[in-house]
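First to last, the sequence lines map onto chains A and B.
Following this note's numbering, the numbering of the first sequence begins with 1046 at its first residue and continues without gaps.
Following this note's numbering, the numbering of the second sequence begins with 2 at its first residue and continues without gaps.
Everything labelled a hint here was simulated from the structure, so no lab data went into it.
Do not rely on the hints blindly, as some may be mistaken.
[Claimed, not checked] Here are some chain A residues pointing at chain B (derived, C-beta under 10 Å): (1) Glu1077; (2) Tyr1081; (3) Met1142; (4) Ile1145; (5) Gly1160; (6) Leu1360; (7) Tyr1477; (8) Lys1479; (9) Asp1497; (10) Lys1499; (11) Pro1580; (12) Thr1581.
[Claimed, not checked] Straight line, CA to CA, 20 Å or less: simulated PhoX-like cross-link-like pairs of lysine-lysine: (13) A:Lys1513 x B:Lys76; (14) B:Lys112 x A:Lys1499; (15) A:Lys1543 x A:Lys1238; (16) A:Lys1207 x A:Lys1183; (17) B:Lys103 x A:Lys1499; (18) A:Lys1506 x B:Lys5.
[To be verified] Covered stretches of chain B (chain A as the covering partner; in silico rule of three or more C-beta atoms under 8 Å from a C-beta of chain A): (19) 48-62; (20) 82-94; (21) 121-128.
Quick reminder that beta carbons are idealized off the backbone N, C-alpha and C, glycines included.
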Amino acid sequence: MSKDDDETVSSQKFLASFQEPLKPVYTPADTEKTDYACEIGYPGQFPFTRGVYPSMYRGQAWTMRQFSGFGSAGDTNKRYKFLLEKGQTGLSVAFDMPTIMGYDSDHQRAQGEVGKCGVAVASVENMETLFKGIPLDKISTSMTINAPAAILLAFYIAVGEKQGVSSNKLRGTIQNDILKEYIAQKSWIFPPKPSMRVITDILRFCTDNVQKWNTISISGYHIREAGSTALQELAFTLADGFAYVEYGMAAGMDVDAFAPRLSFFFNAHQNFFEEIAKYRAARRIWAKKMKNKYKAKDEKSLLMRFHTQTAGCSLTAQQPENNIVRTAYEALGAVLGGTQSLHTNSMDETLALPTEKAVKTALRTQQIIAAETGVTDTIDPLAGSYYIEWLTDRFEAGAEEYFAKIEELGGVVPALEQGFFQREIANSAYKYQKEIETKQRIIVGINQFVEDGKPDIDLLKIDPETEKQQIAGLKKLRTKRDNTSVKNCLANLAKAAKCSDNLMPHIVNSAKSLATLGEIIQVLKSEFGEYREPPTYW
Amino acid sequence: MKKKNIRVLVAKPGLDGHDRGAKVIACALRDAGMEVIYTGLHQTPEMIAEAALQEDVDVIGVSILSGAHMTLLPKIKKLLKEKGLGRKLLIGGGIIPEEDAKKLNKIGINKLFGPGTPTGEIVDFIRKQTSVK
């Protein structure tokens, strides 16, 4: 083999995920254009590359927040208490598919799906059971809910009130990121335009009434899980974030009135250094754009606070115990990247929802990182690494190139209507799969160190009675509530939907009257219509 | 005479939007020379059976990750039979526990592929099964 051939081989093998060849070693020459004060700086100071707070984990460890929900509200309530007892510090609700799509559990389309990949919550009553014995003024709750986010927030507000906790004391997050639904997770209800109206109504309502609430969790997680690269995750998520800022400002709000309550949600995938650089670049890009382009004055508007979840798509059904190790490395990356909260996947999640035992090991993984590894002692300890700083710069530059492309297409909404993001993600997903099949990418247990036989592992089963009981409960609710009051509340909501009145107070009233999720959504569907995606696979 | 290409309907029933697998499989089958028709998301069993009939496919491949497989797959099988498509190859993929997979095999779902299956294995299976028929 000639020397040239040898170089070709090695440059093919050592490639960043954004397709740039990697050098064997990085030196000051690779970062000489990076001005320390302007681009890196100190934690808690612009451009926040090193972290959003001056003390970071010395002040307080990240929130340990396991995404959790299955079966009935009662089943999930028990799981929450188990997790809190084991030292979890925040809650995160996983809803079932009917709830996510705005169907009541007794709707025909909900058949077979109730309580399967999350918990069924169709009314204030279900929400009350979900948080029974959990004081809402003491804990923060994140809800992974998008198209019907306004309604689940209204349910939560109503339950808070019943517990004697006023809405301004509630702390938590609704995901409420509809743009990434069209782009990646595909759980939409209304078309983009009315969806964005619902979101700006939520922003406005929370600014006055639920002041500690994170109103949108702008999410790259699902974009990555759908198959994007790290750079696409970074660029598309930030583009979505800027789109929300622009919509909010176009609706007449001051940027500093709502931007401090925007938060983010990223994936923690396997390429350790790239992931750390991705988070650092994300903070820097957000701060710069918010300050320079959107002219935010409040420093809180510049802070990118984010939740992280380890990569579900990196887990394997084969030799599932190996997933504990994968998750630990991914979680370490998220912590070194300065996350504010973290979910660690359980080893059995490619096979089913996690068992108590599996989720406990996942939580313990975070606790071990926090207590035993020493990585929390100093802030952003990888800063100044020539490689990390070079990667951070490259991610920022690559994201800027994507922003320019998106702008050329007319912005985020026109770009998604043209299928731009969807195509980019599908192509990356297929490329990733081909890399595995040609062994350019090695996954232990999949294409190397393969073992025969099925994994010997206990799996969580959802009781088939759950669906029947949930349906029976809903039927009872519909007969015992004051149906005239329900009708009036829904009629007022319909009126508001026809004009530009804020929908939120009407949704809260409907929720309190015990109108169900599906009934409220149906009113909005009649006015807004439903979104359909053209079925293309490339 | 040129041999007719195998026609495959790649279908996404149920309410979940996890289309990464369906799309990757669709691309792999296309690259293996098959004609692929993709239904798009959120399809009911009725929509899938109707599409299988209208598109005159040889194979129906169903991707399901929402846990509703024990409700939706038997329904699809039943509707295909009613339309005279009971002998078409019906395969699936997704997160389907083994004991459920066994039950589904018994009612005529020909094969279920789990996470981590190489796409080549699915291509080979389809080729083999459709040439037998």
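Results of checking the hints against the structure:
The criterion of a C-beta within 10 Å of any C-beta in chain B is not met by glutamate 1077 (chain A), whose closest approach is roughly 40 Å, and the hint is violated. Taking 10 Å as the C-beta cut-off, the interface hint given for tyrosine 1081 (chain A) is violated, the closest approach to chain B being about 40 Å. The interface hint given for methionine 1142 (chain A) holds, since its Cβ lies 4 Å from the closest Cβ of chain B, which is under the 10 Å cut-off. Evaluation of the isoleucine 1145 (chain A) hint against chain B yields a held restraint, the C-beta minimum of about 7 Å falling below 10 Å.
A least Cβ separation of about 9 Å between glycine 1160 (chain A) and chain B falls short of the 10 Å threshold, and the interface hint therefore holds. Contact between leucine 1360 (chain A) and chain B, as hinted, is supported at the beta carbon level, the nearest pair being about 8 Å apart and thus within 10 Å. Hint status for tyrosine 1477 (chain A): holds, given a least beta-carbon distance of 8 Å to chain B, under 10 Å. Given the 10 Å rule on beta carbons, the hint for lysine 1479 (chain A) holds: about 8 Å separates it from the nearest Cβ of chain B.
At its closest, the beta carbon of aspartate 1497 (chain A) sits 13 Å from a beta carbon of chain B; the interface hint therefore is violated under the 10 Å criterion. With a cut of 10 Å, the hint placing lysine 1499 (chain A) at the interface with chain B holds, because the nearest CB-to-CB distance is about 6 Å. Because the closest C-beta pair between proline 1580 (chain A) and chain B is about 3 Å apart, less than 10 Å, the hint holds. Annotation: threonine 1581 (chain A) was flagged as interfacial toward chain B, and the flag holds, the nearest CB pair being 7 Å apart, inside 10 Å.
Pair hint lysine 1513 (chain A) plus lysine 76 (chain B) holds up; C-alpha atoms about 19 Å apart against a cutoff of 20 Å. This hinted pair checks out: lysine 112 (chain B) and lysine 1499 (chain A) have alpha carbons roughly 16 Å apart, not beyond 20 Å. For the hint pairing lysine 1543 (chain A) with lysine 1238 (chain A), the CA-to-CA distance comes to about 14 Å; that is within 20 Å, so the pair holds. Between lysine 1207 (chain A) and lysine 1183 (chain A) the alpha-carbon distance is near 15 Å, which keeps this suggested pair within the 20 Å criterion.
The suggested pairing of lysine 103 (chain B) with lysine 1499 (chain A) holds, with an alpha-carbon distance near 14 Å, which does not exceed 20 Å. A hinted pair counts as satisfied when its Cα atoms are at most 20 Å apart, and lysine 1506 (chain A) with lysine 5 (chain B) does not qualify at roughly 44 Å. Under a criterion of three residues with beta carbons nearer than 8 Å to beta carbons of chain A, the stated coverage of the segment 48-62 of chain B fails, only 0 such residues being counted. For the segment 82-94 of chain B, the assignment as covered by chain A is violated, since 0 residues bring a beta-carbon within under 8 Å of that chain's beta-carbons and 3 are needed.
For a cut-off of 8 Å, the count of residues in the segment 121-128 of chain B with a CB near a CB of chain A stands at 1, and the three-residue condition is violated.
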